[in-house]
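Starting from the known structure of chain R, fit chain X onto it as the hints suggest.
Listed here are the chains, written in short residue letters.
2 protein chains.
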Amino acid sequence: MHRVVVGDYATSGFRKEDLKSVFDIATEAGSLLLKHQILSRGEIDAVIFSSCSSDQYSASILAEMLGIKPKIALRIDNLCNSGTSAVISGHGLIASGLCKSALIVGAETRNSPGRVLSWDVTRGAFALPIHWGTMYARNHMRTYGTTEEQMAMVVVKNRKNASKNPNALYRKKITADEVMQSKRITYPLKLLDCSSLCTGASAVLLLSETMASDKVENPVYVTGIGAQTNSASLAKVMSDINGTGTSKLAARQAYKMAKTTPKSIDVAELHDAFSIMEIMAYEDLGFVQRGMGGKYVEQNEVATNPRGGILGCGHPLGATGLSQVAEITAQLSGSAGRRQVKGCKYGLVYNLSAAGTSAIVVILRVD
Amino acid sequence: MHRVVVGDYATSGFRKEDLKSVFDIATEAGSLLLKHQILSRGEIDAVIFSSCSSDQYSASILAEMLGIKPKIALRIDNLCNSGTSAVISGHGLIASGLCKSALIVGAETRNSPGRVLSWDVTRGAFALPIHWGTMYARNHMRTYGTTEEQMAMVVVKNRKNASKNPNALYRKKITADEVMQSKRITYPLKLLDCSSLCTGASAVLLLSETMASDKVENPVYVTGIGAQTNSASLAKVMSDINGTGTSKLAARQAYKMAKTTPKSIDVAELHDAFSIMEIMAYEDLGFVQRGMGGKYVEQNEVATNPRGGILGCGHPLGATGLSQVAEITAQLSGSAGRRQVKGCKYGLVYNLSAAGTSAIVVILRVD
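Each protein sequence line maps, in turn, to chains R and X.
Residue numbers are given in the numbering used here: position 39 of the first sequence equals residue 173, and the series is strictly consecutive.
Residue numbers are given in the numbering used here: position 222 of the second sequence equals residue 356, and the series is strictly consecutive.
The shape of chain R in the complex, shown without the other chains (with noise of 0.2 Å):
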């Protein structure tokens, strides 16, 4: 197996714009990275495309917009999690050796068809993402004492640190006081205990190792790769909801490809559709015990959500999961400027679907 490298990755103003095409903000990140030159165009060999855009042939749309004639050129989509699904696909066409480069690039726009499920009947009434995030949320305060206190500081955290983060959706600090007294939309959840889905995009450059030796001055490894699907009904994954779960399964096996634990990680960006979900994400990804996950807050040893997270960035749901490997790669390689997190060698990316009906957890680390 070829190992393969983070070459490079570039994104966009996360934002509520919504008049421009999917394939022009895709094309945003796209030409930004394209511009740093890591490789020639001629040089791609894949162009996957990462959204929910119920357009045809995507893929091969934003190719051309690109200027690339790839060989490859694929269209992705898993919803909240298409993005990795996406890097878990370019992995494999590099690390089988088929391919020497993947351009992916995730990209969605606020009124994205991925807004709406309706093939769900088992979410019954409860159809918005928030009735599922309520559901983890009143699930996690009965079963183990989290406060909704506990909820706000993640909020604030994540704010906090999109504050440095020029692409974010929300650049301005927030406190606890004003998380909790935010419009109350289901109890236990306010306005800003909930991300907003966004118009943006991101973009990654996959290399094999040896594409990269003479291109990358601080290769990043992707190490490890986890995946695991329950269900797309809400129904069957309530049901597991104190249960393993399909982040632990995904984590356990990124762990074990990744030859390492979770002591081991530095920085991670986690999927925080929700402010519970962060909290469970510590646990489910082995930072802290089952239930811990709300004092967990409160020390954090494991930088979370440097760029501000899914609540601080907002959802472009195509691009997350690959915003997502763009700051653990710029973490990584040291060039995250303001955001950097100090001296850190491995990190981890969480990303997760529709109320958890598949969870990606990906493991990058530096040599």
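Any given hint could be a false lead.
Pairs count within a copy or across copies, as identical chains cannot be separated in the list.
[What the hints assert, rightly or not] Simulated crosslink set (DSBU-like; lysine-lysine; CA at most 35 Å straight-line):
(1) K349 x K370
(2) K154 x K476
(3) K476 x K382
(4) K390 x K150
Derived by calculation from the structure, the hints in this document are not laboratory data.
Below, chain X without anything else, positioned relative to chain R:
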């Protein structure tokens, strides 16, 4: 790199039906395959869905409907070659060692959103597939003297093959006269020169060689993969109408990877969306010299489109590439029944997307 085996396959009846959902159709082929019990549901590492459907997280839905909880679930599309694009991705997952198995299901309904291409405004008034089919046909006739009768012979051959395929949309043999006298749609294309969009599904199970060793009797290996994307714009593709073309480049890559030449190919499924496309395929794949495709119909040393091709079987977009792989696997493993081509060892799949905007060639072989 781990060698990859096509360990199993199943195809539903291709038909005009348009009442069922794309998931019902996909589940038909997936369930058929699972009934063979090559693997248990728990042994399936990845479920890849190939379709132009605009449903969200559709691979997760399909996995649930099939009763599988795979690690990886993702949907791939690239219009008419979505199926082989999915095979390329699945191959990467297994060849790299990340997965031991991948169930790839392609499905489409006749009213698929893939039937309309709205993005490519360079098509102008030539928006329909028959417009590009016509341009290719007229160019080939003008440049190389190919005749309408030669194109009709392609249709006769493929319909004859389809008459032995219980899953084909068209199972009635026809004569060259019938083709020549069918309704003229453009000059030179008649109704029977054109394939039909239809409803259908096809599934393929990829396995690592190790996984296949005690489960598959006559393992068929994926030994060559080639792919080339040109442009999503018809105008740009057409400027290359007599040039090297995506197909020739894809074929070259595939032969190189498989360490073989066109001479070794015994059986091939070719992308005959229009009869002229099969004549051009003979040339692009190196079965015969440029310009000699029309005459090759009369000799046809390679057994072409034994399942009936797209002309005979119909074209359920996301399923087509997989049904091609399924047929070549059946042929190479000696399981093609009434359609069996004797003594074949090397097989080829050739799958195009939208007017040749991208081409994929996959070479399979038995040891």
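To see whether the hints hold, each was checked on the structure:
no., hint, verdict
1, K349 x K370, "between (47 Å within a copy, 32 Å between copies)"
2, K154 x K476, "neither (38 Å within a copy, 56 Å between copies)"
3, K476 x K382, "within (27 Å within a copy, 51 Å between copies)"
4, K390 x K150, "neither (39 Å within a copy, 48 Å between copies)"
The structure does not agree with the numbered hints 2 and 4 stated previously, though it agrees with the rest.
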